[in-house]
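*Asks:* Assemble the complex: chain A is given as a structure, and chain B must be docked to it using the hints.
These protein sequences, in sequence, are chains A and B. Per my numbering, the very first residue in the first sequence carries number 1; after that it's consecutive. Per my numbering, the very first residue in the second sequence carries number 1; after that it's consecutive.
I should point out that these hints are in silico values taken from the structure, not numbers from a laboratory. Bear in mind the structure is a predicted one, so any value in this text is a computation, not a measurement. For glycine and all other residues, C-beta sits at the position ideal for the given N, C-alpha and C. Some hints could be false.
Derived, one-sided and incomplete: chain B residues facing chain A with beta-carbon distance under 7 Å [said to hold, decoys possible]:
(1) Gly171
(2) Gly176
(3) Lys197
(4) Phe234
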Amino acid sequence: MRSKIRWPSLALLAMALAFIAIGALNGEYREVLGKAVRICLECIGIG
Amino acid sequence: MPGMHRNRVKKKPRLSFQRTMQLLAAILFNGYVIGFGKGKIFTGGSKAFCVPVLNCYSCPGALGACPIGSLQAVLGDRRSGFPFYVLGTLMLFGVVLGRAVCGLLCPFGLVQDLLHKIPVKKVKVPTLIDRPARYGKYVVLLVLVVLLPAFAATETGLAPPYFCKYLCPAGTLGGGIPLLLANPGLRQAAGVLFGWKTLVLAVILIASMFIHRPFCKYLCPLGAFYALFNRFSFYQMHLDRDKCVNCKKCEQTCPMDVEITRQINSPECIRCGKCKNVCPTGAIFSGFTCHTAKEREARSGES
Chain A
1 MRSKIRWPSL
11 ALLAMALAFI
21 AIGALNGEYR
31 EVLGKAVRIC
41 LECIGIG
Chain B
1 MPGMHRNRVK
11 KKPRLSFQRT
21 MQLLAAILFN
31 GYVIGFGKGK
41 IFTGGSKAFC
51 VPVLNCYSCP
61 GALGACPIGS
71 LQAVLGDRRS
81 GFPFYVLGTL
91 MLFGVVLGRA
101 VCGLLCPFGL
111 VQDLLHKIPV
121 KKVKVPTLID
131 RPARYGKYVV
141 LLVLVVLLPA
151 FAATETGLAP
161 PYFCKYLCPA
171 GTLGGGIPLL
181 LANPGLRQAA
191 GVLFGWKTLV
201 LAVILIASMF
211 IHRPFCKYLC
221 PLGAFYALFN
231 RFSFYQMHLD
241 RDKCVNCKKC
251 EQTCPMDVEI
261 TRQINSPECI
271 RCGKCKNVCP
281 TGAIFSGFTC
291 HTAKEREARS
301 GES
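Chain B with its partners taken away, still in its complex shape:
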């Protein structure tokens, strides 16, 4: 039939853009491979710089500092002042990329994505529970990362990193387990707290098989921080309303359940790009911009 070859199906690449970025970021942020064998951590100068993702600095492979751990360390030290350096770094990543950090760069996000590929019956969290639970991550950011380290110091004048100590599953997975496996001295020191953290990790990993990215949706303080910047970040998602046929395929595909046709740059959007891939009319695109949405529409109308 004439014209039949026009609709040739594009060969799908073996690794998506998202997965390629996630793997590259995981390797880049954890490139000190010999640390895993020796049970020791990297001690070079690059650890003065915060990485944009939740990547424990006690992971044997980590080449940079975890921004959430660093923020708690500075806030928790009575001798330190306002955490300008760490907060500025977080703001820089937030204003440039927003939650694209979560969708494209975070190694713990990658772990959750891969677990969700396991073919088990998926669970849709009822809206009545899902909506309020999404605020959990802001509570974790405010209470465990900011308020408790800033105001609940011990008699030494130092506050423990409460989030890292009691909740962070990335620290257990990337730091605790590899270090304990390779270092017998640390293994002997593990007690109730390690048991608790392993339990938290196990619950999150099992939940990831049934719910897409439960940690990112409900608990991650770094995701909460970047969510505040999604509206302002230079990297934005765009919806061309002239091309949109309102088929809602994007919303059915969205792993974060964002109402894309209503608020494409919602604080919940992790910019994974799945909506772009399924859009039949190519109405969704993303990129860096210095202009507001209205200005961009006006410019595309002129051309």
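Bound-form chain A, shown alone:
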């Protein structure tokens, strides 16, 4: 019997990893870090 692997799940996993790699190469993580290390006044209801 032909094995029915969850191909859509594997494709989504590959896509997720590719997105993370592209984002990391673009330096997007620095933007995330830059936002996360400062108190977000809007988030806490002040800004």
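*Replies:* What follows is chain B alone, placed relative to chain A:
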């Protein structure tokens, strides 16, 4: 009587698997304890990584970044491109765990679960209201998290994080209140917006006593995102139809009102495992799999 001891009742553990996971995750994601005393937030490199749950990065204890806050920050900055990194991280958590993140890891889910334990008369939301209201979380995701930050920037070229600013109760509870308590400078700056956010938080917390996880059911954009992945995630719930006696105990217990015998991996299922615990025949189980449901059934039939 012979055979009487066969049906010994298993001693129930003091903390369920779900509660243990929730507590561990809450501690792990908010481990910077001294931040609560100082009224300051953690500024280490781990904040470049998104946590899988709705955990405000302005919570004094937060060691990672909130994925919904990060997504709005990248989308809301005209200088940034497509949010590959944040979206990829969200997809990774979604495809591995699906809404198990909501049921087992989310600290705000834990808060709602604990509030629902308060012994007050519980409210069953009528289906006529409940069904359409469940789509609310998708609207919040699309409008407040994606469209407004992406297209409604101010003259500075930056859009505010609309969801965080006007709705997110986790930010008020985990970030706003602890920071304002410990930091007099911030306390002085609090105004109408803080009042509004406190009101939103209060309504959700009070509603949690009567309705199980109202925020997760109707408003959470992160839950909406993971819901799209529930069908595809490697972590799946399974129902063995040969063992199922159709007693419906699972559906009566399900806090998210999932029709388990019809669609066990419904987008609404948060994989809390309550259905597994009450099933008298052990027909429900969960775990990681790379195979489709049909393939799994065929394999279990062969063995």
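*Asks:* Are the hints correct? Go through all of them and say.
*Replies:* Cross-check of the supplied hints:
1. Hint status for Gly171/B relative to chain A: holds, with the closest Cβ pair at about 4 Å, below 7 Å.
2. This hint holds: Gly176/B has a C-beta 4 Å from the nearest C-beta of chain A, less than the 7 Å allowed.
3. Hint on Lys197/B holds. Least Cβ distance to chain A is approximately 4 Å, under the 7 Å limit.
4. A hinted interface residue such as Phe234/B counts as satisfied when its beta carbon comes closer than 7 Å to some beta carbon of chain A; here the least separation is about 6 Å, so the hint holds.
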